[in-house]
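Novice: Here is what each chain is made of, one letter per residue.
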Amino acid sequence: MKPQTLQQLADHVSGKVIGDPNVFIESVSTLHTAGPGQITFLSNVKYINDVKDTGASAVIVAQKSEVEINQIIAKDPYFALQQIVVLMHGHRKNKPVGISDKSNIAETATLGEGCHVQDFVTISDNVKVGKNCYFYPGVFIGQDTTIGDDCILYPNAVVFENCVIGDRVIVQSNASIGEDGFGFSTHNGEHYKIPQIGRVILEDDVEIGVSAGIERGALDDTVIGKGTKIGDQVAIGHGTIIGPHCLLVPKVGISGSTEVGHHCVFGGQVGVAGHLKIGDMVRVGAQSGVAGNLESGKSYLGGPAIEASRAKRAMVMLPYLPEMKKRIKALEKKIEKLTADKSSE
Amino acid sequence: MKPQTLQQLADHVSGKVIGDPNVFIESVSTLHTAGPGQITFLSNVKYINDVKDTGASAVIVAQKSEVEINQIIAKDPYFALQQIVVLMHGHRKNKPVGISDKSNIAETATLGEGCHVQDFVTISDNVKVGKNCYFYPGVFIGQDTTIGDDCILYPNAVVFENCVIGDRVIVQSNASIGEDGFGFSTHNGEHYKIPQIGRVILEDDVEIGVSAGIERGALDDTVIGKGTKIGDQVAIGHGTIIGPHCLLVPKVGISGSTEVGHHCVFGGQVGVAGHLKIGDMVRVGAQSGVAGNLESGKSYLGGPAIEASRAKRAMVMLPYLPEMKKRIKALEKKIEKLTADKSSE
Amino acid sequence: MKPQTLQQLADHVSGKVIGDPNVFIESVSTLHTAGPGQITFLSNVKYINDVKDTGASAVIVAQKSEVEINQIIAKDPYFALQQIVVLMHGHRKNKPVGISDKSNIAETATLGEGCHVQDFVTISDNVKVGKNCYFYPGVFIGQDTTIGDDCILYPNAVVFENCVIGDRVIVQSNASIGEDGFGFSTHNGEHYKIPQIGRVILEDDVEIGVSAGIERGALDDTVIGKGTKIGDQVAIGHGTIIGPHCLLVPKVGISGSTEVGHHCVFGGQVGVAGHLKIGDMVRVGAQSGVAGNLESGKSYLGGPAIEASRAKRAMVMLPYLPEMKKRIKALEKKIEKLTADKSSE
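Protein chains in written order, with the working numbering: chain A, 1 to 345; chain B, 1 to 345; chain C, 1 to 345.
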């Protein structure tokens, strides 16, 4: 899009200009790489000294910086950045292709108006797709699955049969939605596959990362709540329910039949056992292993995960274990001597 | 399928009816969500109090419950459940499509009778496929690979060249079988790729999860033993041999040239180093890191993994580390005082 | 290829023959499985006793073995092995297929001479591909992406738009390059997607494993340095820069905006937080969690990762925690008694 003045950008984010409101901004960049004609942002006050070294023409800040630079003061600079990137760069433009005749769309499937289907896409029997959806090459949709409006399925994404996908859902490349849950009954030393008859429901505004796997329910459905964003290579077990507006960072794994509340944030590589109840607004630090229920509003860390502040105090102590053992030994010797001295008195 | 009487179901699983043998059962559900016409199950006695709250028409139990509800008594309720779900719901029905002319099957490839190949499937030179196999869209089979009878390859599953797949093997979507092992020779600071000339052998009844990766052997073969089930996003290194009837839960990673015995169970996110020997019937708890050989029949936990009971005792102690350090310091002070008092006597 | 004499192989790797220079070698195998006509290798002196049990006709060693067996003495036996496997077995032969008319190549895309494109491949607008590249079925290349010479993209690999791939790059099956970074601005409890306008740059000789995900940059580019090899199911965050000649073993996860130096080696399942600086030649042990900057040339281990030698000393102490606690308690009792005795004197 064409360049904007700093004032135009400030108006767009309900912010206030410090400096020259007429400077033209052409694009967005980071503090360290930005140059003339670019705007950057300071989301964390601890980098404030870096502002004076930036080559940017302007910076978005939460509070006025004393550095001599054009500024937009915005309450939430990171959200202002998001709005400005959308304004100036926009989301990915998916090429209008209509319905490719090299795709395979079942006669019983229905697509709303404005849908685009690239080559090598398979849409199976009785699939219902809303308006303005975009299917990249290699996408597979199993029979009886329903998809809402404005969804994007990236190359080689797979959605199995009988799933329900809301509006504005994004499924990244090579992700799998609705594969069989890992459900076997072991009898006389052999594992018998239990048909997985539950569904996967992805509510509105969900995003699923590349090579993620969302197992369909064994009996009950697996549900990903509205607005929840799931990173690359995340695995969600069968029958698990993730509440709305959660962030599951790449490589998280959650076992089956667990319930997670709303607005939870799980760090990278976190593992959660099955059949647990995780409250609302729970934060779990990277690589933690959750083995029990977690309370709403708290932060957890470690394996097994305990309250984060307590876990941190314990973790920093770990390297001192050998020293602690030595000190115990030294104490034992001294006590022995004191006791011996005493009895020989 | 049509509804069954409770007696019919009990007969099917060699179980015994308590209550009304003529009640009709239409489907299977979980304890908490089941309603009239549904049967549910109690696999763990600790949930026995939940039985009285279920809306189900009947419940499968190991021992007679005192709750007033129709019951099937079965030795192994979870196995009975499996049999009943198969009876009433069945495994996934793969639509009969014959051989799509939008697939690409090499002239030198052979397929047994009853195979179905969907669009956009590639079957390369000299591939031999048995009877009644089903290939979903986007599947790729490399040259000289052999596949047995009754296998299912889900969308975008990839099997590289010269692999051997037994009967009734299931490969879930976006999984890779027989990709190059992570084998490089580092010389003068550069990594030289070592051609990976081993194969992957998946024995009968193996299942491989979505986005899993089974590396082909560097020189020797990688082998997954009969009946072993491998979860989503599991990685198996080159030349590793997994015995029969193991369960590798999602996100397990096993490095190369390790040998795992039969009937082992590895929890989620377990990592195993290379060149190790893991015995038979070994259980490794979630997120453990296995750095040495493990003995048959034992349970292990932790990083590095040690015997599970010992690991658990140590893990629960971790949060008390700061307190322990304080107590050591207090002791040191008291000893110092006692010693000083003594020498001043 | 036809058999080679031991002398020919020795000459090929600038090695020296001990024993019969005229013995014919037909293929390469491991110490334990090799038979007549095969050559094997000893990369680690600790297995030297196994040499006498091998059935191989010859063995590659660093120093002359006293065992009565034909030998090639090579400075770096593992590198000699690599050279011999390439000589005798070669890298994978990709079948010459030309440009399939069942692929979809945009009119505005250009391919250098010697390229092969299999069925069901999509090459989008303005893509520029160098010479002798090979695209397996199901590959997707987004618009404006540039690919160098001699690259191989395996089945269902996905490269998003506007990425830059060097020469001799290998992307394994089902991997994703350039998907959106996990970038959201949370405002009033909802997560707003930030358009990810950076690129992914894979420099020359990079290899990316199956189902790996390399996020495109939010604003700056994500870069994988020359010669770096990335294992299966690795995740690299947006804007992260990995230096040249690193080895990232399967299942490593590195968050966004982190800088990693050259010749670093990260073990399986290692996690690295975002916005960190990792030096050159850093080694991080399997399953470690890196939460701070790391110094060049050092080895690290643990969660959080500390210097490896110190971490190992602490880790072996962990199982003794319950015992340590008991000993502290015993000391406290003794001290109490000593103090009581003293005051009653």
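Be careful, since some hints might not be right.
All copies of an identical chain are treated as equivalent in the list; a pair is satisfied when it fits inside any one copy or across any two copies.
[Unchecked claim] List time: in silico BS3-like cross-link candidates among lysine-lysine, alpha-carbon distance up to 30 angstroms: (1) Lys16 to Lys226; (2) Lys95 to Lys334; (3) Lys337 to Lys325; (4) Lys277 to Lys312; (5) Lys64 to Lys193; (6) Lys193 to Lys95; (7) Lys277 to Lys52; (8) Lys52 to Lys131; (9) Lys95 to Lys312; (10) Lys131 to Lys329; (11) Lys326 to Lys2; (12) Lys193 to Lys16; (13) Lys325 to Lys298; (14) Lys193 to Lys2; (15) Lys333 to Lys52; (16) Lys75 to Lys298; (17) Lys64 to Lys333; (18) Lys102 to Lys298; (19) Lys337 to Lys312; (20) Lys46 to Lys193; (21) Lys312 to Lys334; (22) Lys95 to Lys325; (23) Lys193 to Lys131; (24) Lys298 to Lys95; (25) Lys326 to Lys342; (26) Lys128 to Lys95.
Since the hints were derived computationally from the structure, they do not count as laboratory data.
Novice: Honestly, which of those hints from before does the structure not fit?
Specialist: 1, 2, 8, 9, 10, 11, 15, 17, 18, 19, 22, 24
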